[in-house]
Amino acid sequence: MTATADLAARLEGVLGANRVKAEEGELRAYVVDGMTPGAIIRPASAEEAIELIRFALKEKLSIVNCGSRSKLAWGMPPSRYDIALDMTGLSAIAHYDPGDLTLSVDAGMPLLQLEKTLAEKQQFLPLAVPCHETSTVGGAVASGIDSTLRQQFGTARDFLIGAEFVDGKGNLCKSGGRVVKNVTGYDLHKLLIGSLGTLGAITRLNFRTFPMPQEFGRFAASFASIEGALNYRALVEKSGMPTANLELTSPEAAELVSGILEKTNARVTGFGKPGQWGVYASYEGNASVVERISRGLDKLAREGQAAGSEKLERSTGTIIDGVLREAFDWLRQAAPQVALFRLTLPRMTPAEFGELSAIAEAASVRSAVMERAAGVVYFASFAEDEPQESVEALQKTAEGVFSFAAAKHGHAVMLHAPLEVKKRVNVWGPKRADWVLQQGVKRAFDPQGIFAPGRFVGGL
Amino acid sequence: MKSLLGDANVLHQQEDLLMYEYDGSVEKGRPEVVVFPHTTEDVSRIVKLAAKHQVPIVGRGAGTGLSGGALARSGGVMIVFAQMNRVLEIDLENQRAVVQPGVVNLDITRAVEKAGLYFAPDPSSQKSCTIGGNVAENAGGPHTLAYGVTVNHVTALELVLPDGEIVRVGSHHGDAPGYDLCGLFVGSEGTLALVTEVTVKLSRKAEAVKTLLAIFDSVDDASRAVVEITARGITPAACEMVDGWTLQAIEDYIHAGFPRDSAAVLLLEVEGLREAAESQAAAIDEVCRTHRAREVRTAKDDEERDLLWKGRKNAFGALGRLAPSNYVLDGVIPRSKLPQALQHIQEIGKKYGFAIGNIFHAGDGNLHPIVQYDPRYAGAFQKAIAASEEIIRYCVELGGALTGEHGVGMEKNELMLLMFSEADFDLMRRVHDAFNPDSALNPGKIFPLSKGCGEIRVKAKEAKSVTG
Numbered sequence: 001m002t003a004t005a006d007l008a009a010r011l012e013g014v015l016g017a018n019r020v021k022a023e024e025g026e027l028r029a030y031v032v033d034g035m036t037p038g039a040i041i042r043p044a045s046a047e048e049a050i051e052l053i054r055f056a057l058k059e060k061l062s063i064v065n066c067g068s069r070s071k072l073a074w075g076m077p078p079s080r081y082d083i084a085l086d087m088t089g090l091s092a093i094a095h096y097d098p099g100d101l102t103l104s105v106d107a108g109m110p111l112l113q114l115e116k117t118l119a120e121k122q123q124f125l126p127l128a129v130p131c132h133e134t135s136t137v138g139g140a141v142a143s144g145i146d147s148t149l150r151q152q153f154g155t156a157r158d159f160l161i162g163a164e165f166v167d168g169k170g171n172l173c174k175s176g177g178r179v180v181k182n183v184t185g186y187d188l189h190k191l192l193i194g195s196l197g198t199l200g201a202i203t204r205l206n207f208r209t210f211p212m213p214q215e216f217g218r219f220a221a222s223f224a225s226i227e228g229a230l231n232y233r234a235l236v237e238k239s240g241m242p243t244a245n246l247e248l249t250s251p252e253a254a255e256l257v258s259g260i261l262e263k264t265n266a267r268v269t270g271f272g273k274p275g276q277w278g279v280y281a282s283y284e285g286n287a288s289v290v291e292r293i294s295r296g297l298d299k300l301a302r303e304g305q306a307a308g309s310e311k312l313e314r315s316t317g318t319i320i321d322g323v324l325r326e327a328f329d330w331l332r333q334a335a336p337q338v339a340l341f342r343l344t345l346p347r348m349t350p351a352e353f354g355e356l357s358a359i360a361e362a363a364s365v366r367s368a369v370m371e372r373a374a375g376v377v378y379f380a381s382f383a384e385d386e387p388q389e390s391v392e393a394l395q396k397t398a399e400g401v402f403s404f405a406a407a408k409h410g411h412a413v414m415l416h417a418p419l420e421v422k423k424r425v426n427v428w429g430p431k432r433a434d435w436v437l438q439q440g441v442k443r444a445f446d447p448q449g450i451f452a453p454g455r456f457v458g459g460l
Numbered sequence: 001m002k003s004l005l006g007d008a009n010v011l012h013q014q015e016d017l018l019m020y021e022y023d024g025s026v027e028k029g030r031p032e033v034v035v036f037p038h039t040t041e042d043v044s045r046i047v048k049l050a051a052k053h054q055v056p057i058v059g060r061g062a063g064t065g066l067s068g069g070a071l072a073r074s075g076g077v078m079i080v081f082a083q084m085n086r087v088l089e090i091d092l093e094n095q096r097a098v099v100q101p102g103v104v105n106l107d108i109t110r111a112v113e114k115a116g117l118y119f120a121p122d123p124s125s126q127k128s129c130t131i132g133g134n135v136a137e138n139a140g141g142p143h144t145l146a147y148g149v150t151v152n153h154v155t156a157l158e159l160v161l162p163d164g165e166i167v168r169v170g171s172h173h174g175d176a177p178g179y180d181l182c183g184l185f186v187g188s189e190g191t192l193a194l195v196t197e198v199t200v201k202l203s204r205k206a207e208a209v210k211t212l213l214a215i216f217d218s219v220d221d222a223s224r225a226v227v228e229i230t231a232r233g234i235t236p237a238a239c240e241m242v243d244g245w246t247l248q249a250i251e252d253y254i255h256a257g258f259p260r261d262s263a264a265v266l267l268l269e270v271e272g273l274r275e276a277a278e279s280q281a282a283a284i285d286e287v288c289r290t291h292r293a294r295e296v297r298t299a300k301d302d303e304e305r306d307l308l309w310k311g312r313k314n315a316f317g318a319l320g321r322l323a324p325s326n327y328v329l330d331g332v333i334p335r336s337k338l339p340q341a342l343q344h345i346q347e348i349g350k351k352y353g354f355a356i357g358n359i360f361h362a363g364d365g366n367l368h369p370i371v372q373y374d375p376r377y378a379g380a381f382q383k384a385i386a387a388s389e390e391i392i393r394y395c396v397e398l399g400g401a402l403t404g405e406h407g408v409g410m411e412k413n414e415l416m417l418l419m420f421s422e423a424d425f426d427l428m429r430r431v432h433d434a435f436n437p438d439s440a441l442n443p444g445k446i447f448p449l450s451k452g453c454g455e456i457r458v459k460a461k462e463a464k465s466v467t468g
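From first to last, the protein sequence lines stand for chains A and B.
For the first sequence, this note's numbering begins at 1 and goes up steadily by one.
For the second sequence, this note's numbering begins at 1 and goes up steadily by one.
Where hints are given, some of them may not hold.
For lysine to aspartate or glutamate, the following EDC-like pairs were computed, each having C-alpha atoms within a straight-line distance of at most 16 Å [as the list claims (entries may be wrong)]: (1) A/K408 <-> B/E93; (2) B/K114 <-> B/E93; (3) A/K238 <-> B/E113; (4) A/K238 <-> B/D91; (5) B/K337 <-> A/D97; (6) A/K60 <-> A/D6.
So the derived label-pair ranges between C-beta atoms look like this [stated by the list, open to error]: (7) A/P387 <-> B/K114: 53 to 61 Å; (8) B/H12 <-> A/A433: 30 to 38 Å; (9) B/Q346 <-> A/E303: 53 to 61 Å; (10) B/D301 <-> A/G240: 16 to 24 Å; (11) B/K48 <-> A/S403: 31 to 39 Å; (12) B/E228 <-> A/Q113: 22 to 30 Å; (13) B/T298 <-> A/T117: 32 to 40 Å; (14) B/L88 <-> A/G154: 32 to 40 Å; (15) B/K114 <-> A/W435: 38 to 46 Å.
In short, the hints are calculated from the structure, not lab data.
Virtual Cβ for every residue (Gly too), placed ideally from N, Cα, C.
With the sequences and hints as input, model every part of the structure.
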């Protein structure tokens, strides 16, 4: 009996055959950075997840938690990977009180399905995150990926009100609660956001939900220069007109957006004109608010000497919202070899945008940049399918991006890169000053280090 | 301590220490020495010295807290941040301010309001409470309904750990890679580290604000109006309820214009673009009238608006004039259960023979029942505590929580057992020990001492015995 078959057999003994998968084809779908697990476990309840984790503790096996597996390549390669813990079997709505605008949902619930349930009550969760077709609620929170609505609604940190999870001792723990305001005990659920499953297996998440806006508005403007685009964006921000998203696209990014839009037959002025910077605004409210903002943006675009500007039809706007939401996904697929970075920085000047693209130019690769409202920058560098040269170029780019972020007192994370590049450059950037505290948290949650060891910041 | 900080920055005479024995709660605990650092390095040196002598440490801002968080339960050193009260940096472009922990909440807004910005969390005590205390307790306020509590407005902290080491967590601009330590430390009630610098987000003032006062002849009608406002997806910036008994006290003291003969009023505020504020105000007006509001007034100018808010924010002071003692509670319930919760609280009051007033953040289900008792009668205080416990228990039974904004401190640490299991405490304790392994910082808070959490209890006692 091979080691894999032996592990699967023992797991079947604990959880029953219908919870365990270990066929080669099945295992291939759970590969993380070239590492294949020995077995896949798909529990149907938190109790079964506890059993599995206790078994893993006893047998000193390591676990990678996953949902739809759309972001399994995030982080560093784990140092060990025995079991894939697939949480999609936990997918019920545990509690939903539309009158209180609170929700408690199992981690494996697909976001799309949850959206439908909430829409029946004219509510929504502002998690407009990439891989939207497949993503689970648990994966969206554990990855900490950006929502295009963050300017208005913040991140999960602002609307996750409680959680249940199995810690690294195999106990079901909770923090927070199901009410919108609560300071009882430590806010441990905040630590789970963006933790990539390295602290525990999330079983349930509690959120505050939001009333669906009555109307939506979208306005696209394009500019001949970065100066023009930034000036217009500043005018919009200072006007006090609230936007749900205000997104800047470099000419290269706009061209990619445009390419995707062509396939949908939606024609938009703001994207895809050669050499132009785009600023896309989405906003919402009642009809008179949306009308007022549309008029206001039109006026500011004229004042800001936009090369083109247009209030978009609702159907077009919905399509573009979707395309921008998926930026992470199409940027990582836009070339044979891609290194994709997410930077959080103080507001960048035109010169700093220039510095950023110069990093890629110096490594002889193409690049694209998008700046989401609230200072989140996506920077992608594109290399061709020439293994050795590309790896070196992307490595050089990565080193440049991390130094750039540090010099601006910001942070960078490499969200996506070929494994060969990840082996040369830590995707999390240089070790942080608070590493000892980070390690303290990891050890408190997961004393034996069974959850994706090595995948997270600083080798945690 | 005197050799570290100079005589002027150290208090140790009993009569001086008396001042620091209380905070805004009904608890007490006297420190053995009170120190006033001026810099982060001072704090680090104080902590190192205390650690050397195994003396417990508690941080304190203005001492306005309501759960005993800033009391020296086990004696030891109290670090008062009053001298660390400078605004260090204002970054208008990125809407950030970097401040020392002793800066008064309202002073942050005062420093940036000319640029059209403000600091959103607005506890009732915002004219005196400090940002350090706000961070420790994750303070709320009326407008947190729309804008969130302190943690939603803090992006980075400078900390002094129990061994004196200085560490920064979070990021000026937010979203640092790694676990969200900033999110963990805000609201940890001074049990993990001392905060010596805070980076806060600044919010942009709304174009239009409308303040409404809806007057009701029954508490039930008022609470049903709140339920419908929430359920209809109307999103006021603030939605406060004051019951009739409390109203009269406020009027006697402040003359805010609250009608004395009403059973309850709702103080509501809507903000945003003019068009949004107007339509939300109209919707609120309609809901309140559907629920038999006698009258819905809109503040006609800033002066009238300020007066209404003055009435709300100074309510607790006003109540002091009525009963010899008031015990202000803090519990949270799902908002859909507001009417039944308010009825049940009155029944509990009757059972114990206390009048219970209510003035609270109705929009987010954050109740503040006020139990009035006369401590001159033997057993009255204990009875008030028993009634309070019953109310808090009831909040938890409804699916709510022990505390919405005042914190656990030493007021509710025993009640934590109502919400958390052994496994929950075990993990919280491991997190506590990762930062504060010897319970040197703020011992005896948050964790229950009576049962279920043996190790913490032992540590708290040890800390006490060391200081005699």
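Hints, one by one, checked against the model:
no.: 1; hint: A/K408 <-> B/E93; result: holds (15 Å)
no.: 2; hint: B/K114 <-> B/E93; result: holds (14 Å)
no.: 3; hint: A/K238 <-> B/E113; result: holds (14 Å)
no.: 4; hint: A/K238 <-> B/D91; result: holds (15 Å)
no.: 5; hint: B/K337 <-> A/D97; result: holds (10 Å)
no.: 6; hint: A/K60 <-> A/D6; result: holds (15 Å)
no.: 7; hint: A/P387 <-> B/K114: 53 to 61 Å; result: holds (57 Å)
no.: 8; hint: B/H12 <-> A/A433: 30 to 38 Å; result: holds (35 Å)
no.: 9; hint: B/Q346 <-> A/E303: 53 to 61 Å; result: holds (59 Å)
no.: 10; hint: B/D301 <-> A/G240: 16 to 24 Å; result: holds (21 Å)
no.: 11; hint: B/K48 <-> A/S403: 31 to 39 Å; result: holds (35 Å)
no.: 12; hint: B/E228 <-> A/Q113: 22 to 30 Å; result: holds (29 Å)
no.: 13; hint: B/T298 <-> A/T117: 32 to 40 Å; result: holds (37 Å)
no.: 14; hint: B/L88 <-> A/G154: 32 to 40 Å; result: violated (25 Å)
no.: 15; hint: B/K114 <-> A/W435: 38 to 46 Å; result: holds (40 Å)
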